[in-house]
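Novice: In order, the protein sequences belong to chains A and B.
Each residue of the first sequence is one higher than the one before, starting from 1 at the first, in UniProt numbering.
Each residue of the second sequence is one higher than the one before, starting from 1 at the first, in UniProt numbering.
Honestly, the hints are just simulated from the structure, not real lab data.
A quick note: this is a predicted structure, and the numbers were derived from the prediction, not measured.
Even glycine gets a Cβ: it sits at the ideal position worked out from N, Cα and C.
Treat the hints with care, as some may be off.
As the list claims (entries may be wrong) - Over 12 Å on every C-beta distance to chain A, these chain B residues come out as not near it, computed from the model:
| hint | residue |
| --- | --- |
| 1 | Val-11 |
| 2 | Ala-16 |
| 3 | Lys-28 |
| 4 | Pro-30 |
| 5 | Leu-56 |
| 6 | Leu-244 |
| 7 | Lys-256 |
| 8 | Arg-261 |
| 9 | Ile-289 |
| 10 | Tyr-321 |
| 11 | Asn-322 |
| 12 | Ser-326 |
| 13 | Ser-393 |
| 14 | Gln-399 |
| 15 | Lys-470 |
Stated by the list, open to error - Computed footprint of chain A on chain B, listed as stretches where at least three residues anywhere in the stretch have a Cβ under 8 Å from a Cβ of chain A:
| hint | region |
| --- | --- |
| 16 | 144-153 |
| 17 | 193-201 |
| 18 | 224-233 |
| 19 | 358-370 |
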Amino acid sequence: MALAKPASISFLKKRKSQTLSSPMPSAASYLSALSQADARARNHNNAGRSPTSTPALSLSSSITSSSEDTVLNEDDTIFDNSDGLALPARPPTSEQVFTTVHTEFGHCADQRYRLVSEHPSGTELPSHVDYDPPYYILLSTYVSYLILICLGHVRDFVGKRLNPSSYTHLIPKNGYAPLNSDFDSFYTRRLKTRLDECFSQPVTGVAGRTIVLLDRISPDYNHTQIFTGNRTRALNISSYNYLGFAQARGGCADAVEDSIRRYGISTCGTRLTGGSSDLHTISEALVANFVGMEDALISSMGFATNSTFIPALVGKGCLVISDELNHASIRFGVRLSGAHVRMFKHNDMKSLESLLREVISQGQPKHHRPWKKILVIVEGLYSMEGTLVNLPAVIELKKKYKFYLFVDEAHSIGALGPHGRGVADYFGINPRNIDMLMGTFTKSFGAAGGYIAGNKDLIDRLRVHGHSGAYAEAMTPAVLTQVVASMASIMGVAVPSMNPSSSTSTLRLTSATNSAPNNTACAIEEEYSHPGAAPPSSLPQWLTLPPALSSGIEGSNRLRRLAFNARYLHNGLNKLGFITYGHPASPIVPLLLFNPGKMNMFHRMMKDRQTPIVVVVVAYPATPLVTSRVRFCVSAAHTKEDVDTVLRACDEIGDVLDLKHGIKPSERWSVEQICERAVEVAEM
Amino acid sequence: MNATSTTIAPVLDFLAHTLTTAETAFNKLPGSAVIQRYVKSSHQNDPGRTILELILFIFAIRTLLQSRTRAEKNFIKFSDKEIDELVDEWTPEPLGQSLTPQEQADLAAVPIITGPNGPKPKLVSTGKTAINLASFNFTGLSGHEEIKERAVETLRKYGLGSCGPPGFYGTLDVHMELERDIADFLGTEAAILYSQGFSTISSVIPAFCKRGDIIVADRGVNFSIQKGIQISRSTVRWFDHNDLKSLEEVLESVEKERKKRRGPLTRRFIVTEGIFEKDGAMVDLPKLIDIKFKHKYRLILDESISFGTVGRTGRGLTELYNVPASKVDMLVGSVANALNSCGGFCAGSQIVVNHQRINGLSFVFSASMPALLSVAGSEGINILRNTPSILASLQENIQAARAILDRVDCITIPSHPASPIIHLYVKNSKSSLHPSTATTIVPSNKPSNPTSILPKDAASWDWDVQAEEKILQDVVDEALAQGVLITKAKRLRGQEMVDPRPSIRLALTSALTKKETEKAIGVVKNALVKVLSKRR
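Produce the complete structure using the sequences and hints provided.
Specialist: Structure (structure tokens):
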């Protein structure tokens with residue numbers, strides 16, 4: 001295939017020299033300089049497109065099968081490559097053929113930038129080393145909150161007297177109590193509003209490697225947001241697109257299109273009352289096969305998977321032991337169930353054990369009868385911390401204390417493990433040791449909804465007694481197809497065996513398929529044997545995946561790219577001197593900011609760079625008060641150069657905002673050093 | 001001796017030195033003078049007081065440091081060995097009981113459709129097509145070519161999943177468009193989109209109703225509302241199912257109670273449904289609105305069934321009764337049922353909607369809806385708006401069905417004549433069904449107890465749930481054998497606040513012609529007559 005002139009390189013160089021040459025004395029001047037440069041660049045681009053880029057040619061070269069109607073062509077301002085996003089930093093050679101759009105799924109052919117996500121067997125999960133920030137940071141953080149709270153109260157006090165019209169929704173009126181109590185909404189009104197620029201940013205297009213922002217401005221300190229009509233393409237290190245299946249092109253999207261034409265939009269109704277489709281049966285069998293359980297049940301919303309199935313598992317007289325950082329949906333479900341709840345310290349096995357000893361010996365409160373059953377609910381990968389559950393230790397405890405184990409793999413399924421089968425796969429533990437495996441399709445599979453898997457009796461029970469079956473709408477065919485297609489491409493589809501008779505009705509996986517010749521990376525055969533490729537019969541008959549997907553090569557490539565990117569970013573940030581949380585294998589990388597004021601700054605500075613980067617900042621109440629953080633979610637869609645871009649940006653901004661409080665300066669590396677020795681950094 | 005004094009001297013010097021430095025350092029602290037003066041004066045007045053204060057101080061520190069969890073009264077101290085023994089002894093119940101044979105049979109009888117669903121889908125079990133009166137395809141939008149086309153276009157632009165919650169780059173322009181379309185269609189200021197219809201109202205209610213607030217709810221509200229009320233922890237009062245007189249009585253008694261207790265003004269809500277999922281009854285909206293304004297309550301109205309199925313163009317109850325939708329404070333509806341997509345919405349004022357963007361649990365903590373489903377919803381609204389004939393033919397089919405069903409003797413129909421879902425109860429025949437129920441209960445004129453969800457006549461309910469479920473399943477099987485797919489209303493027995501009476505739930509559709517509907521309903525009627533007469 002013909003290839004474009006490497007137009008992007010000149011841009012990269014230009015950017016590099018720009019960013020390195022000017023030392024920035026303060027954050028404010030930095031910001032204004034950035035925005036000026038940005039404005040200049042935009043004017044220039046609007047006036048006439050940059051002559052050096054040859055976009056049309058290079059674009060068509062990077063998409064093998066698509067026509068001209070990509071998102072890229074939609075908007076001229078987005079199309080140029082001055083942000084370094086539209087074209088790969090390293091132009092492909094003539095042997096390389098990429099089937100993805102670079103803005104959706106980055107082109108990265110370098111096999112060095114691949115790793116396997118696997119726990120080294122025989123070792124313990126290292127407990128996380130917490131770097132404490134210097135005291136002045138903590139102090140200034142508390143002081144900032146104090147100032148914010150005082151100012152807020154003063155403004156409320158004065159405002160209510162001088163400008164009562166803007167407080168009408170907070171005071172009783174005409175005999176109606178206010179919808180929003182003054183006190184309850186204080187945090188939202190006085191603290192969160194200041195940060196609103198960072199939240200709910202509307203976007204358009206695919207949430208892939210890049211994302212297109214609908215630019216907005218606020219003339220009145222974030223009370224209203226006005227759309228300017230402009231769009232900005234930004235590097236997306238925020239979406240839960242771990243394996244990069246958020247794509248508008250490619251085998252999965254083709255399959256989805258086919259299914260829409262065949263099945264329509266909806267299956268019309270709930271699962272138990274006329275909304276069940278053969279696609280549901282097929283997908284559930286495939287999901288069960290994928291996670292290595294006997295049976296699985298699919299629900300049309302991830303949140304609802306927890307909130308509607310947990311009440312069918314436990315009830316009065318049962319105890320739920322829940323990690324203190326468990327997701328809101330789990331708490332919602334547990335509260336609905338009426339079971340008693342106790343919490344243990346986040347991922348602290350000692351705390352869990354002592355709690356278990358206490359609750360089993362004490363029995364139910366008041367009358368001390370033994371608990372009917374105890375369900376321990378943990379998450380595989382915690383979405384705010386990036387920590388992995390210490391699954392081996394939990395399983396050990398489970399053997400001794402006879403509780404049931406429910407693992408929420410919302411973030412870990414697909415994202416962890418040598419075969420992408422989640423946290424059990426990562427630790428090499430047979431998933432059958434776990435009673436209930438729950439997960440979502442929103443994240444790694446680029447779809448929506450969730451599943452819950454377990455033994456057949458239990459799942460059948462949930463089909464009948466879970467709230468979803470009787471009352472919630474079934475999952476739509478388009479989403480089901482995305483799930484099946486992406487899952488099958490992670491597993492790889494086995495080549496049909498000699499006897500074609502078993503191709504239609506039997507969906508259960510037979511052990512024979514384990515020996516499928518094209519199996520991607522099935523090597524470990526200890527106590528845990530991984531289920532292997534998907535039998536062809538487990539896909540709908542009409543569905544054909546392109547060879548790259550059905551062979552599982554693409555899937556395994558994605559898994560290894562994700563593993564590399566995650567470790568590279570995590571270790572890279574550490575080496576730069578930042579404080580990060582979580583496990584290096586986790587695709588969620590939280591970087592600690594502490595000061596609430598820095599969240600806004602960090603967000604703005606990342607977005608206003610020449611290569612805009614969008615980040616997620618999280619603060620209280622999602623995190624403890626002092627540990628405000630920015631949370632990166634790396635994806636297999638990112639190239640090594642993308643991670644470089646993020647590291648460089650963090651490096652610069654970290655200096656300006658005084659964020660480097662991690663390892664000692666003498667142990668730190670420069671960002672150039674890190675980018676050059678990326679493989680070494682990732683394997684650290 | 002000399003030696004000891006020389007060794008002690010430097011220690012004493014050091015002590016004196018540290019004391020003086022400590023004193024100067026203390027004096028330098030701001031406010032130290034105040035403390036000093038306080039301690040001095042309190043000591044001079046009464047030396048005993050210093051000791052007392054010291055004890056208090058130590059006690060305060062001790063209380064602060066003490067762990068709070070262990071302070072339970074009931075805690076029994078065990079030794080490690082005893083705990084080990086208790087752990088060994090403890091045998092938990094299984095995580096889930098297996099299904100009973102009856103439940104297994106019911107699960108096996110759940111219809112599974114192969115290929116697209118629609119008015120005449122093909123079933124996996126029989127391999128044949130059947131006329132569909134079970135699935136929610138009220139407006140016949142399932143398989144609509146234009147919607148499919150738009151969905152594919154959207155897929156090619158947005159991919160499938162949004163890969164994030166609305167707060168973190170999950171808000172797409174198409175979501176905002178659908179929200180605007182819904183708000184415009186209904187005539188409210190704004191609307192907010194949830195990604196599952198069922199989870200919508202169970203998040204909307206706790207977003208507004210907190211502990212101490214008052215909810216006055218209908219006794220027949222659907223399961224999702226029940227769960228929302230449960231999560232909200234508000235004070236709940238119940239009024240008789242679809243009885244607005246009872247509602248007024250309850251509202252008055254609540255107000256009386258508040259006056260008696262001289263409680264503060266709290267948020268007060270009426271929660272009810274437009275068309276009840278449970279039995280198809282319809283609320284008298286204009287009267288309800290009057291009552292709500294009279295008593296200064298806010299109204300949370302669940303229009304999941306009625307949105308898109310009643311009114312000239314399907315705007316729901318507000319269009320049917322010609323009431324401005326802005327008078328309903330929170331209007332909750334489904335994008336899944338009549339618009340044949342997925343998800344739910346809550347429409348209301350800007351303040352109501354914005355409040356939910358931060359406080360609606362399943363909005364905040366869940367990924368947003370896939371773009372193509374959102375576009376399908378918008379397109380559905382568009383079609384409803386421009387084609388009033390859809391609603392006309394739906395209503396015609398409903399009337400045709402009711403004309404036949406109303407004349408069947410062995411059933412009772414609680415549903416409103418305009419309701420697109422028709423529930424069929426087995427007619428009470430006291431002797432045959434439930435021999436245990438005595439006829440001693442005399443209905444009294446006393447109103448039901450508003451704190452209990454059970455109505456006053458609950459004691460006289462004499463249906464045998466098991467037997468009726470079984471009979472109704474026979475009807476369903478019989479109808480299917482004749483080529484008509486119908487279903488029982490599925491319930492979560494044991495988890496519902498009140499066990500609803502078993503029923504067959506027909507869902508009519510505009511996709512069938514009047515003739516086809518009549519034929520299908522005729523089959524249902526014959527099945528009913530055949531099975532129910534056998535029972536006698």
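Novice: Taking the closest pair, is the beta carbon of B/Tyr-321 still more than 12 Å from chain A?
Specialist: With a cut-off of 12 Å, B/Tyr-321 remains clear of chain A, as the shortest Cβ separation is near 23 Å.
Novice: Please count how many residues of the region 193-201 of chain B have a CB within 8 Å of a CB from chain A and say whether that reaches 3.
Specialist: holds (count 5)
Novice: Determine whether the non-interface label on B/Asn-322 survives the test: each CB of chain A must be over 12 Å from its CB.
Specialist: The claim stands: B/Asn-322 keeps its Cβ more than 12 Å from every Cβ of chain A (closest is about 25 Å).
Novice: If you count the residues of the region 144-153 of chain B with a beta-carbon closer than 8 Å to a beta-carbon of chain A, do you get 3 or more?
Specialist: holds (count 5)
Novice: Confirm or reject the statement that B/Pro-30 sits farther than 12 Å, beta carbon to beta carbon, from all of chain A.
Specialist: Since the minimum Cβ distance to chain A is about 17 Å, B/Pro-30 lies beyond 12 Å and the statement holds.
Novice: With 12 Å as the threshold, tell me whether B/Arg-261 passes as away from chain A on beta-carbon distances.
Specialist: Non-interface label on B/Arg-261 holds, nearest chain A Cβ at 15 Å vs cutoff 12 Å.
Novice: With a cut-off of 8 Å between beta carbons, are at least three residues of the region 358-370 of chain B near chain A?
Specialist: Check passed, 9 qualifying residues.
Novice: Going by Cβ atoms, does B/Lys-28 stay more than 12 Å from chain A at every point?
Specialist: 20 Å, holds
Novice: Hey, is B/Ser-393 genuinely clear of chain A, shortest beta carbon separation above 12 Å?
Specialist: 17 Å, holds
Novice: If I take the minimum Cβ distance from B/Lys-256 to any residue of chain A, is it greater than 12 Å?
Specialist: Holds: least Cβ distance 16 Å, greater than 12 Å.
Novice: Closest CB-CB distance from B/Ala-16 to chain A, is it above 12 Å?
Specialist: 32 Å, holds
Novice: Decide, holds or violated, for the assertion that all CB atoms of chain A are farther than 12 Å from the CB of B/Val-11.
Specialist: 33 Å, holds
Of the hints listed earlier, there is not a single one the structure fails to meet.
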